[in-house]
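Enquirer: Each chain, written out:
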Amino acid sequence: MRSEQEAERAIELYADTVRRLCMVHLKNQADTEDIFQTVFLKYVLSTVVFENEEHEKAWFIRVTINACKDLLKSFFRSRTVPLEELLEEPASLSDENREVWQAVLALPLKYRDVVFLHYHEGYTAPQISRILGKNVNTIYTLLNRSKTLLKESLGGDGDE
Amino acid sequence: MNDRLKNAFEAVHAESDLKEKTSEFLSRKTQGYQRNRRPLRRLVPVMACCLLVLLFSIGTGWLYFTPVSAITIDINPSLELSINRFDRVLSVKGYNEDGRYIANAVNVTFLKYEDALRKILNDTDIQEHLRRDEPMSIVVVSPDQQQSDKMLNTVKSCTQGHHNVHCHAGNSEEASAAQAVGLSLGKYRAFLELQALDPSVTPEEIQGLTMREIRNRIAAFFETQQPVSSSPDGTSSEQGTDTPSSEASAVSSCEEEPHYGQGNGAGQGNGMGQGNGMGQGNGNGQGNGNGQGNGNGQGNGAGHGHGHGNGQHRGRNAS
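So the sequence lines, in the order shown, correspond to chains X and P. All residue numbers for the first sequence refer to my numbering, where the first residue is -12 and numbers rise by one. All residue numbers for the second sequence refer to my numbering, where the first residue is 206 and numbers rise by one.
What the hints contain is simulated information worked out from the structure, not anything from laboratory work. Any given hint could turn out to be false.
Reference listing, derived: stretches of chain X covered by chain P, where coverage requires no fewer than 3 residues with Cβ under 8 Å from a Cβ of chain P [unchecked claim]:
(1) -10 to 1
(2) 4 to 11
(3) 37 to 48
(4) 92 to 106
Reference excerpt, derived from the structure (chain X facing chain P, CB under 10 Å, subset only) [unchecked claim]:
(5) L80
(6) E83
(7) R85
(8) E86
(9) V87
(10) G109
(11) I118
(12) Y127
(13) L130
(14) L137
(15) L141
(16) G142
Every residue, glycine too, gets a C-beta built ideally from N, C-alpha and C.
Model the full assembly from the supplied sequences, consistent with the hints where possible.
Expert: The following block contains the structure:
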């Protein structure tokens, strides 16, 4: 079991990433809290030795995505809330950002992780394929399609 | 578009409230990050289960391995089978050299007692003894009357083919008394029988004897105690017919009370006189000749038998 200091450090470092991933997948605050508790408790109890921070971060991403998927699988019907409700939550979002988020959340679920990992975390397709445990070509395809879809919704200005 | 996306993602932060709640949750869930408490607590039900299993197996083992009844077999080899409440043989104890040999040679542990008994009866040594028609004694001891009856019946059915086998039920006091003197129960009973006749007998003497030898000793003792009683009886009863006090004379021959005989004999004396006249009673003639010697005449008669009787017959016929 890890110490309190380690847990606090992990929360400081990775809370934002976990929060963003939660937002990509989930639609309300209660679920997000559940995911936070699940992910960080798993971290505290796990005995995994991380080679470096990158490794640790990848672990958090992987665990958060799995936890989100588990939650959606089990409570999908009962916990689904309309999109509007979600977008009220991060009150600090500007109109510009809100528009982008709406575009991202309008994407099918399978594109959202890839978009987040690529556009925000800056992972390459092979890295994403390792994190998500999918074929590299699949990731390329997902990236291309999501790019096309986002271009359509956000306007096709300045792709790369 | 890249920047817009990046900015939009960047704009989202984990609320401090959310972080605090998570920290609290972790602290609560790990009980202040104490390492050992959780695994220990998790072990409690496991240990409880282990304890239950352990107690259960000890209990069952105790039930299984506690002998409640016994069967002793005596011919020359003396054996005792300890039997548990599930009718299984727990151990075989030999009370003498032969018994110990058979106990080692025949493996009957954990068999049903009837199977064990059959196996022992089929043993070549035992078969040899039975062929020589030696008496075998099987004693069943069980504290429960019902169980004892059931076992006795089973044992009887097992030994049906052998005519010289005697089955009895014993009680536990007897069994412990037998154990105290180091004899098997069948032998102990024979020992008691013999001891009643001859108090000088010791269990050590008995230990080395076969059942047949003990029986022979008992029989021999009876013979020395009660000498040739059957043949004079026959004659004396004939005498009885002759005299008014026939019973008294019959008793006299058995129990050796010559005075009675004499008294009665006096009446007969006459007849005897005749008898003598006949000149048949060789020795008697002399004794009886005087008519008074009747008492003697009878005493001798017991020993001599027919000669005497004939004389009397004559006497009767004459009278």
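Enquirer: Now look at each hint and say whether the structure bears it out.
Expert: Going through the hints against the structure:
| no. | hint | result |
| --- | --- | --- |
| 1 | -10 to 1 | holds (count 6) |
| 2 | 4 to 11 | holds (count 4) |
| 3 | 37 to 48 | violated (count 0) |
| 4 | 92 to 106 | holds (count 3) |
| 5 | L80 | 6 Å, holds |
| 6 | E83 | 7 Å, holds |
| 7 | R85 | 8 Å, holds |
| 8 | E86 | 8 Å, holds |
| 9 | V87 | 4 Å, holds |
| 10 | G109 | 9 Å, holds |
| 11 | I118 | 16 Å, violated |
| 12 | Y127 | 17 Å, violated |
| 13 | L130 | 12 Å, violated |
| 14 | L137 | 6 Å, holds |
| 15 | L141 | 6 Å, holds |
| 16 | G142 | 8 Å, holds |
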